[in-house]
Structures are given as C-alpha cells and as structure tokens.
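Line by line, the protein sequences are chains A and B.
Be aware that the first sequence starts at 58, since it is given in my numbering, and climbs by one per residue.
Be aware that the second sequence starts at 271, since it is given in my numbering, and climbs by one per residue.
Source of the hints: derived by calculation from the structure; they are not laboratory data.
Note that CB positions come from ideal geometry on N, CA and C, so glycine has one too.
It cannot be assumed that every hint is accurate.
Each computed DSS-like pair below joins lysine-lysine, with the alpha-carbon atoms no more than 25 Å apart [to be verified]:
(1) B:480 <-> A:75
(2) B:389 <-> A:75
(3) A:327 <-> B:389
The following label-pair restraints were derived from C-beta to C-beta distances [stated by the list, open to error]:
(4) A:316 <-> B:437: 33 to 43 Å
(5) B:290 <-> A:230: 51 to 61 Å
(6) B:467 <-> A:248: 34 to 44 Å
(7) B:477 <-> A:64: 20 to 30 Å
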Amino acid sequence: MFPTPVERRSAAVQNTYKALLPIALIMWLLPLLMVALFSIKPDSDFTQGNLWGWPSTFAGFENYTRVFTDSAMPRYLLNSVFITVPTVIGAVALSCMTGFALGVYRFRGNIWIFFMFVAGNFVPFQILMVPVRDLTVNMGLYDTRMGLVLFHIAFQTGFCTLFMRNFIRALPRELIEAARVEGVSEIRIFWYVVLPLMRPAIAALSVLIFTFIWNDYFWAVVLTQGVESQPVTAGITAFNSQFRAAYHMMSAGSIIAALPPVMMFFLMQKHFIAGLTLGAVK
Amino acid sequence: MAAPVLSEPAATSQRSFWRRNQMRLAPWLFLAPGIAFFAVYVIFPIFQSFHISLYRWDGLGEARFIGMQNYERLFDDPAFYTSLKNNLRWLLLYLLAIPGGLFIALFLNQQVRGIRLYKSLFFFPFVISQVVVGLVFAWFYNPSIGLLNPLLGLFGAGPVNILGNPNTVTYGIIAAGLWPQVAYCMILYLTGLNAVDPEQVEAARLDGAKGWRMLWYVILPQLRPATFIAVVVTVIGALRSFDMISVMTNGGPFGSSRVLAYYMFEVSLSEYGFRMGYGAAIAVILFLIMMVYIAFFLWRMWREERGA
C-alpha cells in the first residue's frame with residue numbers, strides 16, 4: 058500500500074494524522090459549511106451583523122419550511138423528478154440494447170457505430186443548442202418537460218452505450234455461446250441471459266444519470282422557461298430573485314436544491330463510485 | 271440462402287427467415303432505437319449547426335445566406351478573443367485538479383477508523399450541482415457577507431472583491447470549478463491506488479525506494495489509466511464550463527469572464543436579440559477545439575481495441 062500505512066509509523070505520526078483529518082475536512086467544506094450556517098440563522102442576524110457567530114435563535118426549521126410554503130420550490134423539485142426519472146429509465150433501456158448489440162455481435166461497422174456514440178457524448182452542448190431548440194419548438198415541445206426528457210435520453214445514450222458495451226464485453230462469452238447452441242433465440246438471450254447479469258451496471262448507470270440530469274442547468278435554460286416545466290437548477294435563479302438579499306432563505310433553498318443527488322450518492326455510494334471510476338483500473 | 275419451399279405455410283417461412291438471419295439482423299434491431307434518437311438529437315444537429323453558421327438568422331424569420339461572414343466578423347470581435355483567452359485559462363488551470371486530486375487521494379489512502387466516511391465527505395462536492403457550487407462560492411467571495419475577506423484579514427491581506435474585478439474574476443470562478451473537479455480526480459485516484467500491486471510496492475521498498483521516488487517510478491506508472499481518465503474528463507469539463515459563469519457573474523464584469531460556451535449562449539439567446547448564425551459560428555469553433563481531444567481519445571481507444 059502506498060503511502061506507508063500510518064499504523065506502521067510512530068504513535069506521534071498516527072495522532073497527527075488523526076488530528077489532521079477533521080481539520081482538512083472542515084477546510085475543504087468551508088464554503089458549504091458557511092451556507093449551512095446561514096440557512097439556520099434568523100433574518101435579524103444578518104441585519105445586526107452577526108454573520109459568523111452562533112445563530113441568535115435557531116431558525117432552521119422556519120427557514121426550510123418557508124422554502125416549501127412561500128415559494129415555487131416544491132413545483133421545481135417535482136419538475137426535476139418528472140424530468141430525471143423518465144430520462145434515467147429511457148437512457149438505461151436504450152443503452153442496454155445498444156450496449157448488447159455492440160458488445161456481443163461482431164459485424165462490419167460495429168466499431169464505427171460505437172465511436173459515434175462515444176464521440177457524440179463528448180461534443181460541446183453549444184454545437185447542438187440552436188438545432189435542438191429549433192427542433193423542440195417545431196415539435197411543440199418547447200417549455201415542456203417532455204421536450205427536455207427526449208433530448209436528455211438521446212444525449213445520455215452516448216455515455217450509457219460506452220458504459221454498457223464495455224461492461225458486456227467483460228461478461229463471460231461462454232454463457233451466450235451455450236445458449237445459442239441450445240437454440241435460444243437472440244432476443245431471449247438478451248432478455249434471459251444477459252440482462253440479469255447487467256444488474257450492477259444498470260444500478261451504477263441509473264445513479265450516475267440521475268445525478269447528471271438532476272444537475273443539468275444548460276438545457277433547462279435553453280429548452281424551458283416557466284415554473285410549469287423548469288427543473289430546480291433553473292428554478293433556483295427565480296427563487297433567489299424572489300428572496301433577493303435574504304441570505305438565510307437563499308442558503309436554505311440552495312441546500313434543498315442540492316440535496317436529492319447528495320442523498321442518492323450516500324445511499325448508493327458503492328454503485329455510484331463503481332460507475333464513475335469505470336476504466337480507472339485496468 | 272435457400273429459397274423457401276412453396277408448400278410451407280407463410281408463418282413457418284417467416285419464422286425460418288428470422289431463424290436463418292437473426293445473427294445478422296439482431297444487432298441492428300437492438301441498435302435501431304438508440305441510433306435513431308442519437309442521430310436526431312446529436313448527430314444531425316452538429317451538421318445543422320455548421321450549416322446555420324453560414325447564415326444570418328434571428329431564429330424566427332427568413333435566414334439569409336452570408337457565406338463565411340460570421341467567421342470573418344468573429345475574428346474582429348474583441349469579445350471572442352476574451353472568451354478564447356479565458357477558455358485557455360480554464361484549460362490550463364483546470365488541469366490542477368489532477369495533481370490536487372492525487373494529493374488528497376494520497377492523504378486519504380489509509381485505513382484508520384472512519385476513513386470511509388472521510389472519503390465520501392471529501393468527494394461529495396462533485397455530486398452537488400454546479401449551479402449550487404457557483405452560488406456557494408459567489409457568497410463565499412462576496413465582500414459584504416462572504417467568509418473569504420475575514421479569512422484573508424487574519425493574514426493581514428485583503429479585502430478583495432474577486433468577482434467584481436475583471437482581472438481576478440475568471441480565476442475566482444475557476445477556483446470554484448476546481449472544487450468539484452478535484453473531488454472527481456481524487457475518487458479516480460483512490461480507486462487506482464486501491465489496485466496498485468502491493469507486491470511491487472514492497473519489492474521497491476526493499477530496494478530502498480520511498481517518498482517521491484517511489485511515487486514517481488512505481489506508483490504513478492500504475493496509476494496511468496486513472497490519470498488518462500482524469501485528463502479526459504478535466505479537459506472536457508474545462509471546455510464545457512458554463513453553469514458557474516452564468517450563475518456567478520453572467521459573464522461580467524464587462525464581459526470579462528466569458529468563455530466560448532457562455533458567449534455563444536449569450537449571442538444566440540439573450541436580450542441583445544437572437545443571432546443564431548453568429549452563435550452557431552462560435553459553437554463550430556468550440557466544437558473544432560473539442561474535436562482535437564475527442565480524436566485523441568478515439569485514437570487511443572482504437573489502439574486498445576485492436577490490441578484486445
């Protein structure tokens with residue numbers, strides 16, 4: 058193991074290390090801790106200049122409740138859910154099939170189709186912006202959640218295909234060959250042989266895509282504009298102009314907006330990291 | 271291919287057609303929906319953008335063909351050069367996320383009690399949306415309520431207004447952007463360090479290698495796959511920077527924190543009117559820059575595939 062494990066070093070080194078850990082963590086998360094502190098302060102603390110001290114009264118409960126009762130935040134959160142969940146299902150479903158096709162069959166053009174998905178996944182959003190916005194307007198889907206979902210499914214299919222194809226490549230081929238010898242049709246092989254083996258990949262991708270889409274801001278401002286359809290990343294701007302200079306409220310709002318992917322991460326940590334670091338180890 | 275026997279019922283002959291050809295047809299069947307979606311929303315729009323960049327178009331009325339004029343105008347546009355210069359700054363400074371992530375990964379690669387929780391907490395800025403990261407740092411820098419100036423005060427420095435000064439604003443945003451990116455690189459390296467061959471490390475230790483020499487000659491070569499991915503995602507992330515600029519400064523002050531991605535958006539969809547053709551031209555330039563990296567990535571992948 059590198060660096061040398063601290064257990065093998067002197068007691069002084071061990072204790073220094075253990076003391077350094079929390080200090081480093083606090084420094085690392087300092088900007089966030091500041092916002093968390095703001096979010097539980099009452100309004101009066103800001104006017105009286107008590108910025109960094111202990112909150113004069115604990116107003117966390119009140120602030121967070123107001124985020125839900127006095128603003129459109131619940132609506133934005135709901136929009137985010139209705140945009141994110143269908144996208145995850147759609148992109149994962151499509152890429153199970155494309156990944157299967159590219160991972161299992163050898164045919165002419167296989168590698169080029171694969172490269173098309175990989176390359177498309179890396180292009181800058183701006184090169185797609187004008188035509189995609191135009192297309193969405195023409196389909197009558199501008200400023201609808203459906204318009205965003207369709208685009209997200211299509212775009213995420215690039216990354217998901219890369220992921221799924223590499224995962225399927227690593228599965229034992231003998232299983233598929235054996236099923237073929239038995240005369241099982243290709244469609245049943247996909248459904249009954251390969252899909253069950255893909256469960257870990259499906260879980261990892263779902264958490265990743267959930268986070269990516271929940272956090273999307275660019276397409277939200279390009280394809281939607283109103284409270285009816287905007288997700289929370291775009292809605293937070295409207296929220297902040299409603300509570301201009303009320304830092305306790307803006308802080309609470311931001312924390313709420315950021316929370317769902319954070320919870321997803323802590324609940325599904327193993328899958329999340331497995332997905333993110335795919336390819337980081339040979 | 272054998273011709274279907276005439277006396278056979280149609281259903282059987284259809285099934286046998288599928289039977290005989292399913293190995294050839296199945297991949298295309300599975301690919302069709304994915305390719306269709308991807309073509310409509312990603313592949314065609316790339317070509318359409320190239321096309322639109324040759325027109326003057328407000329997004330609604332008639333588009334007028336003007337050839338290369340949008341590109342010619344671009345080369346006389348000071349805002350374009352500001353954006354390009356800032357993109358370069360992003361690209362170079364964002365790469366600091368890689369040594370930064372490696373440093374934290376080395377710091378955390380221990381097995382003391384509670385280390386797993388520490389790793390998660392160090393990582394989680396990456397999970398927060400860039401919009402919120404942008405807001406958090408904008409408040410952190412804010413001269414009236416931010417924690418930055420009191421902190422600088424402890425060292426006798428400051429006060430500064432990072433986001434209000436055209437000379438510092440881009441660096442301020444990049445620093446905010448580095449926060450989640452360092453976390454990302456850290457997790458890549460933690461995973462890589464986990465897979466480092468312990469026998470090689472012990473062997474090198476017996477040979478008297480330690481510290482920097484060990485890191486450079488023994489550990490880093492084994493971390494190459496992690497480094498490769500870290501470089502790819504960091505470069506792409508740097509060129510995609512948009513959310514933070516939009517949230518923290520709107521490209522200001524005086525347009526000094528624009529990058530190509532943001533300037534393109536501003537030109538195409540802002541109160542100054544919709545200049546879709548001009549915006550598309552900026553997008554094409556950004557695309558061509560990105561294409562260099564994409565080509566490099568694909569080339570490497572192709573080499574690996576051939577080796578496999």
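Numbers of unmet hints, in rising order: Going through the list in order, the structure violates hint 5 alone and respects the others.
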